[in-house]
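Undergrad: What follows is each chain in one-letter form.
There are 2 protein chains.
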Amino acid sequence: MKDLKILKIGGSIITKKDRDNPSPDLEQMEKVAEEIKEGISNVSGLILVHGAGSYGHPIVKRTGINKGITNKEDRINFAETQRLQNELNSIFTEVLIGKGVPAFPVQPSASAIMEGKLERMDVEVINGLLDEGLVPVLYGVPAYDRERGCSILSGDEIMPYLARELDAGTVLHGTNVDGIYTSDPNENPDAELIEKVESMEEVRDRVGGSKDTDVTGGMLNKVEEIVDMGISGRIFNASRPGNIIKALCGEEVGTYIESVD
Amino acid sequence: MKDLKILKIGGSIITKKDRDNPSPDLEQMEKVAEEIKEGISNVSGLILVHGAGSYGHPIVKRTGINKGITNKEDRINFAETQRLQNELNSIFTEVLIGKGVPAFPVQPSASAIMEGKLERMDVEVINGLLDEGLVPVLYGVPAYDRERGCSILSGDEIMPYLARELDAGTVLHGTNVDGIYTSDPNENPDAELIEKVESMEEVRDRVGGSKDTDVTGGMLNKVEEIVDMGISGRIFNASRPGNIIKALCGEEVGTYIESVD
Chain Y
1 MKDLKILKIG GSIITKKDRD NPSPDLEQME KVAEEIKEGI SNVSGLILVH
51 GAGSYGHPIV KRTGINKGIT NKEDRINFAE TQRLQNELNS IFTEVLIGKG
101 VPAFPVQPSA SAIMEGKLER MDVEVINGLL DEGLVPVLYG VPAYDRERGC
151 SILSGDEIMP YLARELDAGT VLHGTNVDGI YTSDPNENPD AELIEKVESM
201 EEVRDRVGGS KDTDVTGGML NKVEEIVDMG ISGRIFNASR PGNIIKALCG
251 EEVGTYIESV D
Chain S
1 MKDLKILKIG GSIITKKDRD NPSPDLEQME KVAEEIKEGI SNVSGLILVH
51 GAGSYGHPIV KRTGINKGIT NKEDRINFAE TQRLQNELNS IFTEVLIGKG
101 VPAFPVQPSA SAIMEGKLER MDVEVINGLL DEGLVPVLYG VPAYDRERGC
151 SILSGDEIMP YLARELDAGT VLHGTNVDGI YTSDPNENPD AELIEKVESM
201 EEVRDRVGGS KDTDVTGGML NKVEEIVDMG ISGRIFNASR PGNIIKALCG
251 EEVGTYIESV D
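Protein chains in written order, with this note's numbering: chain Y, 1 to 261; chain S, 1 to 261.
Keep in mind that the hints were calculated from the coordinates and are not lab data. A hint or two may mislead.
Said to hold, decoys possible - With a cut-off of at most 30 Å between alpha-carbon atoms, the simulated DSS-like pairs for lysine-lysine come out as follows:
| id | chain 1 | residue 1 | chain 2 | residue 2 |
| --- | --- | --- | --- | --- |
| 1 | S | 37 | Y | 72 |
| 2 | Y | 99 | S | 72 |
| 3 | S | 67 | S | 17 |
| 4 | Y | 16 | Y | 67 |
| 5 | Y | 99 | S | 37 |
| 6 | S | 17 | S | 31 |
| 7 | Y | 67 | S | 99 |
| 8 | S | 72 | Y | 37 |
| 9 | Y | 37 | S | 61 |
| 10 | Y | 17 | S | 99 |
| 11 | Y | 17 | Y | 37 |
| 12 | S | 37 | Y | 61 |
| 13 | Y | 17 | Y | 196 |
| 14 | S | 16 | S | 37 |
| 15 | Y | 99 | S | 67 |
| 16 | S | 31 | Y | 72 |
| 17 | S | 37 | S | 17 |
| 18 | S | 99 | S | 16 |
| 19 | Y | 37 | S | 246 |
| 20 | S | 31 | S | 16 |
| 21 | S | 16 | S | 117 |
| 22 | S | 61 | Y | 99 |
| 23 | Y | 37 | Y | 16 |
| 24 | Y | 196 | Y | 37 |
| 25 | S | 72 | Y | 246 |
| 26 | Y | 72 | S | 117 |
| 27 | S | 31 | S | 67 |
| 28 | S | 99 | Y | 72 |
| 29 | S | 72 | Y | 31 |
| 30 | Y | 67 | S | 37 |
| 31 | S | 17 | S | 99 |
| 32 | Y | 246 | Y | 99 |
| 33 | Y | 61 | S | 99 |
| 34 | S | 72 | S | 61 |
| 35 | Y | 72 | Y | 196 |
| 36 | S | 99 | Y | 16 |
| 37 | Y | 99 | S | 17 |
| 38 | Y | 117 | Y | 67 |
| 39 | Y | 117 | Y | 61 |
Working from the sequences, and respecting the hints, build out all of it.
TA: Here it is, written out as C-alpha cells:
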C-alpha cells in the first residue's frame, strides 16, 4: 500500500516520561487523538506505533529485563513489563476511540520472534485491519527472544519492519524535538533546523561532521533507517499543536527526509 | 508437550457476568490466582485461556459486532470490543502476577485469521514462552475475519486449537457448573453428576437421550471437542474453593473425559 503512513508517537509525548512510576499524560493523549482524528481523512491507510515512556523505562532499568531471562524473578518481571505496555495501550486507544478513531490494539509480542533484533512478526492481521478501514495501534514491548528468553522490541524497531513488510509510503516520527539541527540548539544559538535532506551524507555534512549523534537527540539513527528503506519520512515535534495534522497532511513540519534511490 | 495443560477460566468466574457494564470480579480473581499459584508446581507447562463475561457479551449484544463490519460505527465497536478484552486481561494478569504466577498476556487477535471459524493463529511465541517457564494467558476476542471483517474468537474455540497445535495432554474447563449431569439438576432432584465418560455415545446415553444439550448448560459441545481431540479433559466448577488446585493436580473433580482412540 504505497499511500500507507506509519505514525510513531514517542513515549515522551503520551506519558510523563521523567516519572519513576507509570504515568499517562492524558492531556497530551487527548490532543494527539484529536489531531489524528482531524488528519486521518487525508490518509488512505494509517498505522500508529507508540512508545513506552514511564511505562517502560523505569521497570526495564530497575529489573534489567532487557538482558534476558535467567531466573524466576526475571519471568515475573518479563510478564509485568508486558502487562504494563498493554495497560498504556489500553488507556491510549480508549482516548483515540473516544475521539472517533477506530484504533485497534495489536500486541506485537503476541507474534514477534526476536534474536537480539526482530526476526519476524505476523503482519497479515495488520493488513486485514487496514483493508477494513481500521487503524492498527502497535507499541514497544518486551518480546520472546530465541537466544536469551526476552529482549526489548522498541517502537522505533517496529516502525521500519512494518514499513518494509507492508510497503508503506511514509513514516512519521512524532518526537519531543523539532527535528534535526545543524548542532545542539540548547548549546548553540546559531543551530538551524534542517528542513529537508536526501541522504545520510548530506545530514552528516550539515551537522558539522560531529561524531556525536546525541547532539540531535539520537535522531540520526531514525534518519538512517528512513534512508535505508528508500522511502520518505519526517521527524517532527508531536507535542506542538497542529504538527500531527500537518505531518498527516504532508505539509511542512520538522525535518523531511526524501530518500533518493 | 504431552504434559502441557490448558486451563480455561470462564468469563462467569472472573467477571460479574450478569452486569450490563464491564465488571471484574476481583474477589474471584484473587481466589483463582491463588489456586493457580498453588497448583502450578504440579504441572510442567500451563496455558491459561479466559472468557469475557460482562466485558464481552453486553457490548457484542448491543452492537451486533459478531455479525461483521458494514459501516463506520462497526469499526469503532470492533476496536472498542477488543480494547475492553485487553483491559480485562490486564486486570486479571495483574492479580495473577501479584500472586507470583508469571502470567504473560498474549492477544490472540494480534495474529488470528478467521473465516467464520479460526483459520490460523501464531503459536511459536506461545511455545517459546512455555519453554521459558512462563504462563501464556490468552482470551476470547473479536478478531479479523477474511470474509466479513470481524468475528468472535471465543476462549472455547482457542482452547482446542492450542491443544492441537501444541500437542497438549489435558484441557481443563473451569466453568460455573459442577460438570455434566444425567439431567438438569435444577429441575430434576434425581439428576446425577457423571464422573467419567469415554465417548460422546456414552454421554448421550447417560443424559437420557435428551436432544436438548442445554440441560447441561451447553456443556456437551465442550465434551465433544475434547473427545474429537482424543485427549483427556475435565469440566468442573472453578468457583468452588479448591477445585482449580484439584484439576491442576489431576485429582477427581467434576466430569472427567477420558478419550479412547
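Undergrad: Does each hint hold? Answer for all of them.
TA: Results of checking the hints against the structure:
1. Proposed proximity of residue 37 (chain S) and residue 72 (chain Y) is supported: the alpha carbons are some 13 Å apart, at most 30 Å.
2. With a C-alpha separation of about 13 Å, the suggested pairing of residue 99 (chain Y) with residue 72 (chain S) holds against the 30 Å cut-off.
3. This hinted pair checks out: residue 67 (chain S) and residue 17 (chain S) have alpha carbons roughly 22 Å apart, not beyond 30 Å.
4. Using a Cα cut-off of 30 Å, the hinted pair residue 16 (chain Y) and residue 67 (chain Y) holds, with the two alpha carbons roughly 25 Å apart.
5. Taken as a hint, the residue 99 (chain Y) and residue 37 (chain S) pair is broken in the structure, with Cα atoms around 40 Å apart against an allowance of 30 Å.
6. For the suggested pair residue 17 (chain S) and residue 31 (chain S), the alpha carbons sit about 17 Å apart, so the restraint of at most 30 Å is met.
7. For a cut-off of 30 Å, the pair hint linking residue 67 (chain Y) to residue 99 (chain S) stands: about 24 Å separates their Cα positions.
8. Restraint check for residue 72 (chain S) and residue 37 (chain Y): satisfied, since their Cα atoms lie roughly 13 Å apart, inside the 30 Å limit.
9. Distance hint between residue 37 (chain Y) and residue 61 (chain S) is fulfilled; the C-alpha atoms sit about 27 Å from each other, no more than 30 Å.
10. Annotation: proposed proximity of residue 17 (chain Y) to residue 99 (chain S) holds, straight-line Cα distance about 29 Å (limit 30 Å).
11. A distance of roughly 24 Å separates the Cα atoms of residue 17 (chain Y) and residue 37 (chain Y); the hinted pair therefore holds under the 30 Å criterion.
12. For the given pair, residue 37 (chain S) sits about 27 Å from residue 61 (chain Y) by alpha-carbon distance, which is consistent with the 30 Å threshold.
13. For the given pair, residue 17 (chain Y) sits about 29 Å from residue 196 (chain Y) by alpha-carbon distance, which is consistent with the 30 Å threshold.
14. Between the alpha carbons of residue 16 (chain S) and residue 37 (chain S) the distance comes to roughly 23 Å, so the proposed pair stays at or under 30 Å and holds.
15. Between residue 99 (chain Y) and residue 67 (chain S) the alpha-carbon distance is near 24 Å, which keeps this suggested pair within the 30 Å criterion.
16. Restraint check for residue 31 (chain S) and residue 72 (chain Y): satisfied, since their Cα atoms lie roughly 22 Å apart, inside the 30 Å limit.
17. Between residue 37 (chain S) and residue 17 (chain S), the direct Cα distance comes to roughly 24 Å. Compliance with the 30 Å bound is thereby established for this hinted pair.
18. Taking the CA atoms of residue 99 (chain S) and residue 16 (chain S), the gap is about 21 Å. The hint holds against a cut of 30 Å.
19. Between residue 37 (chain Y) and residue 246 (chain S) the alpha-carbon distance is near 51 Å, which puts this suggested pair outside the 30 Å criterion.
20. Annotation: proposed proximity of residue 31 (chain S) to residue 16 (chain S) holds, straight-line Cα distance about 15 Å (limit 30 Å).
21. Between residue 16 (chain S) and residue 117 (chain S) the alpha-carbon distance is near 27 Å, which keeps this suggested pair within the 30 Å criterion.
22. Among the hinted pairs, residue 61 (chain S) with residue 99 (chain Y) is consistent with the structure: their alpha-carbon atoms are about 23 Å apart, no more than 30 Å.
23. Restraint check for residue 37 (chain Y) and residue 16 (chain Y): the C-alpha separation of about 23 Å stays at or below 30 Å, so the hint holds.
24. Of the pairs offered as hints, the one joining residue 196 (chain Y) and residue 37 (chain Y) holds, with about 27 Å between alpha carbons and a cut-off of 30 Å not exceeded.
25. Note on residue 72 (chain S) and residue 246 (chain Y): the hinted pairing holds, with a Cα-Cα distance of about 24 Å set against a maximum of 30 Å.
26. With a CA separation close to 37 Å, the supplied pair residue 72 (chain Y) and residue 117 (chain S) exceeds the 30 Å bound.
27. For the given pair, residue 31 (chain S) sits about 35 Å from residue 67 (chain S) by alpha-carbon distance, which is inconsistent with the 30 Å threshold.
28. Distance check on the hinted pair: residue 99 (chain S) and residue 72 (chain Y) sit about 13 Å apart at the alpha-carbon level, within 30 Å; holds.
29. Taken as a hint, the residue 72 (chain S) and residue 31 (chain Y) pair is honoured in the structure, with Cα atoms around 22 Å apart against an allowance of 30 Å.
30. The suggested pairing of residue 67 (chain Y) with residue 37 (chain S) holds, with an alpha-carbon distance near 26 Å, which does not exceed 30 Å.
31. The hinted pair formed by residue 17 (chain S) and residue 99 (chain S) meets the criterion: a straight-line CA distance of about 24 Å does not exceed 30 Å.
32. In summary, the hint linking residue 246 (chain Y) to residue 99 (chain Y) is supported, as the alpha carbons are separated by about 18 Å, within the 30 Å threshold.
33. A distance of roughly 23 Å separates the Cα atoms of residue 61 (chain Y) and residue 99 (chain S); the hinted pair therefore holds under the 30 Å criterion.
34. At roughly 18 Å between alpha-carbon atoms, residue 72 (chain S) and residue 61 (chain S) fall within 30 Å of each other, so this suggested pair holds.
35. Distance restraint check for residue 72 (chain Y) and residue 196 (chain Y): the Cα-Cα separation of roughly 49 Å exceeds the 30 Å cut-off, and the hinted pair is therefore not satisfied.
36. For the hint pairing residue 99 (chain S) with residue 16 (chain Y), the CA-to-CA distance comes to about 29 Å; that is within 30 Å, so the pair holds.
37. Between residue 99 (chain Y) and residue 17 (chain S), the direct Cα distance comes to roughly 28 Å. Compliance with the 30 Å bound is thereby established for this hinted pair.
38. Restraint check for residue 117 (chain Y) and residue 67 (chain Y): the C-alpha separation of about 13 Å stays at or below 30 Å, so the hint holds.
39. Among the hinted pairs, residue 117 (chain Y) with residue 61 (chain Y) is consistent with the structure: their alpha-carbon atoms are about 19 Å apart, no more than 30 Å.
Hint compliance for this structure: hints 5, 19, 26, 27, 35 are not met, and every other hint is.
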